[in-house]
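Chains L and S supply the protein sequences, listed in that same order.
Residue numbering for the first sequence follows our numbering, beginning at 120 and increasing consecutively.
Residue numbering for the second sequence follows our numbering, beginning at 3 and increasing consecutively.
Where hints are given, some of them may not hold.
[As the list claims (entries may be wrong)] Each computed BS3-like pair below joins lysine-lysine, with the alpha-carbon atoms no more than 30 Å apart:
id	chain 1	residue 1	chain 2	residue 2
1	S	K46	L	K176
2	L	K141	S	K42
3	L	K176	S	K24
4	L	K190	S	K11
5	L	K161	S	K24
6	L	K190	S	K43
7	L	K141	S	K24
8	S	K54	L	K141
9	S	K21	L	K141
10	L	K215	S	K69
11	S	K69	L	K187
12	L	K141	S	K69
13	S	K21	L	K190
14	S	K38	L	K187
15	L	K187	S	K73
16	L	K215	S	K46
17	S	K69	L	K190
18	S	K38	L	K190
19	L	K161	S	K69
20	S	K46	L	K187
21	S	K24	L	K187
22	S	K73	L	K141
23	S	K46	L	K161
24	S	K42	L	K187
25	S	K11	L	K215
26	L	K161	S	K38
27	S	K69	L	K177
28	L	K177	S	K73
29	S	K46	L	K177
30	L	K187	S	K43
31	S	K21	L	K215
32	S	K24	L	K215
33	S	K21	L	K176
34	S	K11	S	K69
35	S	K43	L	K215
36	S	K73	L	K190
37	S	K54	L	K177
Bear in mind the hints are in silico, worked out from the structure with no lab data behind them.
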Amino acid sequence: GENVEQHPSTLSVQEGDSAVIKCTYSDSASNYFPWYKQELGKRPQLIIDIRSNVGEKKDQRIAVTLNKTAKHFSLHITETQPEDSAVYFCAATPQKLVFGQGTRLTINP
Amino acid sequence: DTAVSQTPKYLVTQMGNDKSIKCEQNLGHDTMYWYKQDSKKFLKIMFSYNNKELIINETVPNRFSPKSPDKAHLNLHINSLELGDSAVYFCASSRLAGEGETQYFGPGTRLLVL
Numbered sequence: 120g121e122n123v124e125q126h127p128s129t130l131s132v133q134e135g136d137s138a139v140i141k142c143t144y145s146d147s148a149s150n151y152f153p154w155y156k157q158e159l160g161k162r163p164q165l166i167i168d169i170r171s172n173v174g175e176k177k178d179q180r181i182a183v184t185l186n187k188t189a190k191h192f193s194l195h196i197t198e199t200q201p202e203d204s205a206v207y208f209c210a211a212t213p214q215k216l217v218f219g220q221g222t223r224l225t226i227n228p
Numbered sequence: 003d004t005a006v007s008q009t010p011k012y013l014v015t016q017m018g019n020d021k022s023i024k025c026e027q028n029l030g031h032d033t034m035y036w037y038k039q040d041s042k043k044f045l046k047i048m049f050s051y052n053n054k055e056l057i058i059n060e061t062v063p064n065r066f067s068p069k070s071p072d073k074a075h076l077n078l079h080i081n082s083l084e085l086g087d088s089a090v091y092f093c094a095s096s097r098l099a100g101e102g103e104t105q106y107f108g109p110g111t112r113l114l115v116l
């Protein structure tokens with residue numbers, strides 16, 4: 120079955136700097152890669168996703184890149200703000216969502 | 003309007019008890035899911051129903067029994083609760099089953115077994 124590894128487990132950056140979170144997956148049949156943000160005590164919410172037919176997708180300050188050959192994908196957040204502080208999860212799916220272990224991102228003012 | 007809702011929000015109970023969690027979605031989606039998030043925040047799928055039919059049944063103790071009376075509702079019944087069942091249980095829904103469908107999560111039910 121699919122296995123998703125996510126790194127780092129914690130990340131602390133200065134406000135205004137960029138943050139990068141990386142994931143690798145094992146099943147080459149996976150074709151859909153969403154990223155979820157979970158604030159403390161709240162539900163996971165989709166922030167961006169990418170499908171295997173594209174290599175990069177951007178939405179304002181958030182971008183995701185995908186390398187299908189290497190089986191890894193990354194989340195990039197630019198010009199970070201305090202409200203970006205949360206736990207971020209990557210996921211991959213051939214049939215069901217398999218989540219990474221999560222990255223706790225802290226933005227220091 | 004809440005798209006995916008769950009009740010109760012919090013559940014504190016004793017070991018050995020039986021409890022149920024309810025989930026409802028008003029998005030008109032065909033597919034619903036139960037996830038468990040443990041104390042380390044690891045999020046794992048338990049079950050999925052598509053139009054009232056069970057389509058994903060992960061390795062979960064048979065003390066956990068899902069039930070979907072219609073495609074807008076998915077309940078989770080847990081028998082003989084154990085300490086290790088303490089977690090946050092999230093319901094989610096998607097328009098259709100299958101890869102590439104965005105899943106929308108409910109607010110979660112925080113279960114504490116004493």
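Has the given pair, K24 of chain S with K187 of chain L, been kept, meaning a C-alpha gap of at most 30 Å? Distance of about 38 Å is beyond 30 Å: violated.
Starting from K69 of chain S, check that the Cα of K190 of chain L is at most 30 Å away, please. violated (36 Å)
Given the hint that K46 of chain S pairs with K161 of chain L, test it: the Cα-Cα distance must not exceed 30 Å. Roughly 16 Å between the alpha carbons, so the hint for K46 of chain S and K161 of chain L holds.
Compare the distance between the alpha carbons of K43 of chain S and K215 of chain L with 30 Å, and conclude whether the hinted pair is satisfied. Holds, at about 18 Å.
Are K73 of chain S and K141 of chain L close enough, with their CA atoms no more than 30 Å apart? violated (36 Å)
K38 of chain S paired with K187 of chain L [C-alpha distance capped at 30 Å]: holds (29 Å)
Between K54 of chain S and K141 of chain L, is the straight-line Cα distance small enough, at 30 Å or below? violated (36 Å)
Agreement of K141 of chain L and K24 of chain S with the hint, judged by alpha carbon distance not exceeding 30 Å: violated (35 Å)
Taking only the CA atoms, is the gap from K11 of chain S to K69 of chain S under or equal to 30 Å? holds (19 Å)
Does K187 of chain L lie within 30 Å of K46 of chain S when you go C-alpha to C-alpha? holds (24 Å)
Mind checking the alpha carbons of K11 of chain S and K215 of chain L for me, to see if they're no more than 30 Å apart? holds (25 Å)
Is K161 of chain L close enough to K24 of chain S, meaning Cα to Cα at most 30 Å? holds (18 Å)
This entry does not satisfy hints 3, 4, 7, 8, 9, 11, 12, 13, 15, 17, 21, 22, 27, 28, 33, 36, 37, going by the numbered hints stated previously.
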